[in-house]
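Chemist: The lines below spell out each chain.
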Amino acid sequence: MKFFSNPNYDFVRWRWHAITLSLVVILAGAAVIGTRGLQKGVDFEGGTIVIAKFDTPKRIEEVRAAITSGVAGGGDAVVQDYGPTGSGTVMIRVRRTGHESGGELSSEAEAVINALKKSNLGNFSVAGTEIVGPIVGEQLRRQGILATVLALAGIMTYIALRFQLSFAVGAIAATLHDLLVCLAFLAFFRYDLTLNVIAGLLTITGYSVNDTIVIFDRVRENTRGVRRGENLAAVVNTAVNQTLSRTIITAGTTLLSVIALYLFGGDVLEGFAFTMLVGIISGTYSTVFIAAAIAIMLQGRKPVRGQMATAAAPETTRKPGRRRAS
Amino acid sequence: MKNIRWKVFTVIGVFAVFFALGVYPILANRYSKLPAPAWLKAKQLKLGLDLRGGVHLVLRVQTDEALKTSSTTTAEQLREAARTAGINLTAVTVPTPITFHIEGVPSEKDADFRRVADQIAGTNYDRNPGAGGTYDFTMRPNIAVQMRQQTVTQARETIDRRVNELGVTEPNISEYGDTGDQLLVQLPGVSDVARAKEIIRSTAQLQLKIVEAGPMSSQEALLQQYNGKLPDDMEVVPGAAGSEETGPAFYLVRKTAAVTGQDLRNAQPSLDDNGRPAVAFSLTREGSSKFGKVTGDNIGRALAIILDNRVQSAPRIDGRITDNGRIYGSFTQEQVTDLSLVLNSGALPASMSYLEERVIGPTLGQDSIRSGVMASLAGLVLVILFMLVYYKLSGINAIVAMIANLVILLGLMAYFGATMTLPGIAGFILTMGMGVDSNVLIFERVKEEMTAGQPARNAVNRSFDRVFLTLLDTHVTSLIAAAFLFQFGTGPIRGFATTLTIGLLTNLFTSIFVSKTLFEAVLLGRPAKASLSI
Numbered sequence: 115m116k117f118f119s120n121p122n123y124d125f126v127r128w129r130w131h132a133i134t135l136s137l138v139v140i141l142a143g144a145a146v147i148g149t150r151g152l153q154k155g156v157d158f159e160g161g162t163i164v165i166a167k168f169d170t171p172k173r174i175e176e177v178r179a180a181i182t183s184g185v186a187g188g189g190d191a192v193v194q195d196y197g198p199t200g201s202g203t204v205m206i207r208v209r210r211t212g213h214e215s216g217g218e219l220s221s222e223a224e225a226v227i228n229a230l231k232k233s234n235l236g237n238f239s240v241a242g243t244e245i246v247g248p249i250v251g252e253q254l255r256r257q258g259i260l261a262t263v264l265a266l267a268g269i270m271t272y273i274a275l276r277f278q279l280s281f282a283v284g285a286i287a288a289t290l291h292d293l294l295v296c297l298a299f300l301a302f303f304r305y306d307l308t309l310n311v312i313a314g315l316l317t318i319t320g321y322s323v324n325d326t327i328v329i330f331d332r333v334r335e336n337t338r339g340v341r342r343g344e345n346l347a348a349v350v351n352t353a354v355n356q357t358l359s360r361t362i363i364t365a366g367t368t369l370l371s372v373i374a375l376y377l378f379g380g381d382v383l384e385g386f387a388f389t390m391l392v393g394i395i396s397g398t399y400s401t402v403f404i405a406a407a408i409a410i411m412l413q414g415r416k417p418v419r420g421q422m423a424t425a426a427a428p429e430t431t432r433k434p435g436r437r438r439a440s
Numbered sequence: 071m072k073n074i075r076w077k078v079f080t081v082i083g084v085f086a087v088f089f090a091l092g093v094y095p096i097l098a099n100r101y102s103k104l105p106a107p108a109w110l111k112a113k114q115l116k117l118g119l120d121l122r123g124g125v126h127l128v129l130r131v132q133t134d135e136a137l138k139t140s141s142t143t144t145a146e147q148l149r150e151a152a153r154t155a156g157i158n159l160t161a162v163t164v165p166t167p168i169t170f171h172i173e174g175v176p177s178e179k180d181a182d183f184r185r186v187a188d189q190i191a192g193t194n195y196d197r198n199p200g201a202g203g204t205y206d207f208t209m210r211p212n213i214a215v216q217m218r219q220q221t222v223t224q225a226r227e228t229i230d231r232r233v234n235e236l237g238v239t240e241p242n243i244s245e246y247g248d249t250g251d252q253l254l255v256q257l258p259g260v261s262d263v264a265r266a267k268e269i270i271r272s273t274a275q276l277q278l279k280i281v282e283a284g285p286m287s288s289q290e291a292l293l294q295q296y297n298g299k300l301p302d303d304m305e306v307v308p309g310a311a312g313s314e315e316t317g318p319a320f321y322l323v324r325k326t327a328a329v330t331g332q333d334l335r336n337a338q339p340s341l342d343d344n345g346r347p348a349v350a351f352s353l354t355r356e357g358s359s360k361f362g363k364v365t366g367d368n369i370g371r372a373l374a375i376i377l378d379n380r381v382q383s384a385p386r387i388d389g390r391i392t393d394n395g396r397i398y399g400s401f402t403q404e405q406v407t408d409l410s411l412v413l414n415s416g417a418l419p420a421s422m423s424y425l426e427e428r429v430i431g432p433t434l435g436q437d438s439i440r441s442g443v444m445a446s447l448a449g450l451v452l453v454i455l456f457m458l459v460y461y462k463l464s465g466i467n468a469i470v471a472m473i474a475n476l477v478i479l480l481g482l483m484a485y486f487g488a489t490m491t492l493p494g495i496a497g498f499i500l501t502m503g504m505g506v507d508s509n510v511l512i513f514e515r516v517k518e519e520m521t522a523g524q525p526a527r528n529a530v531n532r533s534f535d536r537v538f539l540t541l542l543d544t545h546v547t548s549l550i551a552a553a554f555l556f557q558f559g560t561g562p563i564r565g566f567a568t569t570l571t572i573g574l575l576t577n578l579f580t581s582i583f584v585s586k587t588l589f590e591a592v593l594l595g596r597p598a599k600a601s602l603s604i
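Residue numbers (the numbering used here), protein chains in the order written: chain A, 115 to 440; chain B, 71 to 604.
Everything labelled a hint here was simulated from the structure, so no lab data went into it. Don't be surprised by glycine CBs; every beta carbon is placed ideally from N, CA and C. Keep in mind that a hint or two might mislead.
[To be verified] Covered by chain A, according to a simulated footprint, are these stretches of chain B (three or more residues, beta-carbon under 8 Å):
| # | segment |
| --- | --- |
| 1 | 118-131 |
| 2 | 199-211 |
| 3 | 423-432 |
| 4 | 498-508 |
[Stated by the list, open to error] To spell it out: a stretch of chain A is covered by chain B in this simulated footprint if at least three of its residues, at any positions, have a beta carbon under 8 Å from a beta carbon of chain B; those stretches are:
| # | segment |
| --- | --- |
| 5 | 240-251 |
| 6 | 264-275 |
| 7 | 307-321 |
| 8 | 349-360 |
| 9 | 368-378 |
| 10 | 382-388 |
This is chain A alone, in the form it adopts within the complex (with noise of 0.2 Å):
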């Protein structure tokens, strides 16, 4: 079975297309997160969530009455099903927590529970709460940023050193893309950004590098043997072709995976599930239409040959130290 037989579509014409089409959606996400910001959970903003499971299924709007009248400032909490639906779980996230010095920080959650307590909506049980204070979620914030940043830095090095700069760029622009992407996605679908969502970016700068990289490693074994004279756009395009089938497939199978995480993984995994699901479509988009655009940009019109310090090795010497290109 095979989905493209012999593919030669001419991608590396479709570049300024495929540009404007990523600025579009980048674009809107901006302006989206401009207007609305992007939802931090609790994590990142700090806050009480308390998890509440009634005896029977309530409907949100009571759950929320309830809250309202009974917490001072009760108005703004986030009232959501939770789990299973029927279940009679409900997720309650208030965006203030108590006082972070002496034993107060719990004071609003024990607020929450107290305001459903004199309610009349019958039995509960709390199946959870979490509480961050002010300082604990900028301390996260700070570190997610950092993680991330440290991350692209690290991959970037490693592909310059494997590769040369102009493609380290190239799969570094196309993998702060596919981040770029995920956020709108996240600010469209209102998704909350948690600890979760920032594994999934990560995961997602993981992946995207991996599949710009299987390109690249075929533009490099392609170059060896090419003349003078022929210009990478060509190369490029040849060498996404040849691996058109493998971006399909292996975006598929992982695809397939990611949605049983999305429709099975529950209410905790939701987030990074979507943010995987987005992450890996953007990936393999951007690994065909941005990457490789990236980089014949960055070379111009320029030879390849003489770039390619691995055009010059013989296959049985090749060491990954030899391969930088000089």
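Start from chain A and add chain B according to the hints.
Modeler: Frame of chain A, contents of chain B only:
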């Protein structure tokens, strides 16, 4: 083709070893009919807090308090020493945790004061003279850093001990965050959060009380001489649990403590007059006078050392003890070390506040496990179906490699006692998807080579050669991302990074070695030009 035989044996051997080490214990634990030795059953995959339920707390130690205490103590000592030297300071204040200010040094006694000050505060404080016989003392920065660090470490040890007393299995108490004064406390299986929080945060009480009777094995026996009625000024305190095999011990002690932990300055391992292990302790000024009176009046009686309302030991008072003394008895070196540690870390060095609290109830954890397993199975079935449809018989090859990968991953994680979290399960599922990725890369290459006219065996060999470097590159970049994830994450996220990292490493092995061996085994004995179901 001896070579192939060895490769096949290696693959089967590795698979069998990891299955036995990692997967079998999990099964044996679940289905009690399966026989397994206890040491093998102990090799279990640990479940993280999010799957098992429990409490996750981040506390801040108010290290300023410890510094302030230190500055206050030093200032008071200086006032005392100065008085002895004939200088009556008019004012001693501690405006910030790391500074103190004194006034009233007469100019003719300035040299004397400097000498005294050097003795008392010379090592830890910088001295700055001000106008009219005043001095400012500022704690040296390195001392302050050291003292803060000590405070946090001491708080951690205290909490550790308390948590152990709570009977929590596999707690995690570690320093946390980037400000240097935070502690992470994870208590799996604990659901009574209020109690746990209270126990962690309350300042432990050390009390030394005169023993009226005991130790005896029951409260009734103790109270016999009082006709079964507890006198008003006494109380019954149980002995430390599990210290000896003599069973429970109870002591009847006076209600009023001779001294408490607040009177204690320091305790450390030492030796008694006969060279046997003992604990040396020193008391503060107020503690000394109280203690001196009580011990002087009670020579020959036993003094109970009570910590958290349990009698740790009850040595005999041999003479009047004032500012320092020794606790001795039949101690081993280890007991002495423990006792001094308990005395020193008994009370928290500073108060603490909570910065983060997460409580995962057991039902939430159960739900998460159920959905995680469900998602894994669904992912597995989907990927297997796809591989069989798309690659036909060679798909089996990829499936075997993938399952070998998952078994080795589980085996390694269980063997090293790694923690599985909910995001870790996600990492498991991703490993499935990405593991197939490597096989697809190889298979697509094989197809390409065969389309170009290469016979199957050649095509397989060439593909594996070509793809190796690509696989190396892709795995290294993913590992870089995983490494930063590990650095950044706590708990659940760290579980994800662990699973992903081990998964990537095992995948490199299975996709290159296992998969290739299978191809070679299949092609073995077939003519060189045979085709391949791919």
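Chemist: Please check whether the segment 349-360 of chain A has three or more residues whose CB lies within less than 8 Å of a CB on chain B.
Modeler: The restraint on the segment 349-360 of chain A holds, since 4 of its residues have a Cβ under 8 Å from chain B and three suffice.
Chemist: Just to make sure I understand the rule, a stretch counts as covered if three or more of its residues have a C-beta closer than 8 Å to a C-beta of the chain. Does the segment 368-378 of chain A meet that for chain B?
Modeler: Satisfied; 10 residues make the cut.
Chemist: Okay, the segment 423-432 of chain B and chain A, do three or more residues pass the C-beta test at under 8 Å?
Modeler: holds (count 9)
Chemist: Take the segment 240-251 of chain A, compare each residue's beta carbon with every beta carbon of chain B, and decide whether three or more fall closer than 8 Å.
Modeler: As far as the segment 240-251 of chain A goes, the hint holds, because 10 residues have Cβ atoms under 8 Å from chain B.
Chemist: Taking 8 Å as the C-beta cutoff, is the stated coverage of the segment 382-388 of chain A by chain B satisfied by three or more residues?
Modeler: This one holds; 4 residues, not fewer than the three required, reach chain B with a Cβ under 8 Å.
Chemist: Between the segment 264-275 of chain A and chain B, are there enough contacts, at least three residues with CB-CB distance under 8 Å, for the coverage claim to hold?
Modeler: That given contact holds, which follows from 6 residues of the segment 264-275 of chain A lying within Cβ reach (below 8 Å) of chain B.
Chemist: Check, residue by residue, whether the segment 307-321 of chain A contains three or more positions whose beta-carbon lies closer than 8 Å to a beta-carbon of chain B, and give the verdict.
Modeler: Our answer is that it holds, as 9 residues pass the Cβ test (under 8 Å) against chain B, meeting three.
Chemist: Against chain A, does the segment 199-211 of chain B show at least 3 residues with beta-carbon separation below 8 Å?
Modeler: violated (count 0)
Chemist: If you look at each residue in the segment 498-508 of chain B, do at least three have a Cβ nearer than 8 Å to any Cβ of chain A?
Modeler: holds (count 7)
Chemist: Please count how many residues of the segment 118-131 of chain B have a CB within 8 Å of a CB from chain A and say whether that reaches 3.
Modeler: With 3 residues closer than 8 Å to chain A, the segment 118-131 of chain B meets the three-residue bar; holds.
Against the hints set out earlier in the document, a violation occurs for number 2 only.
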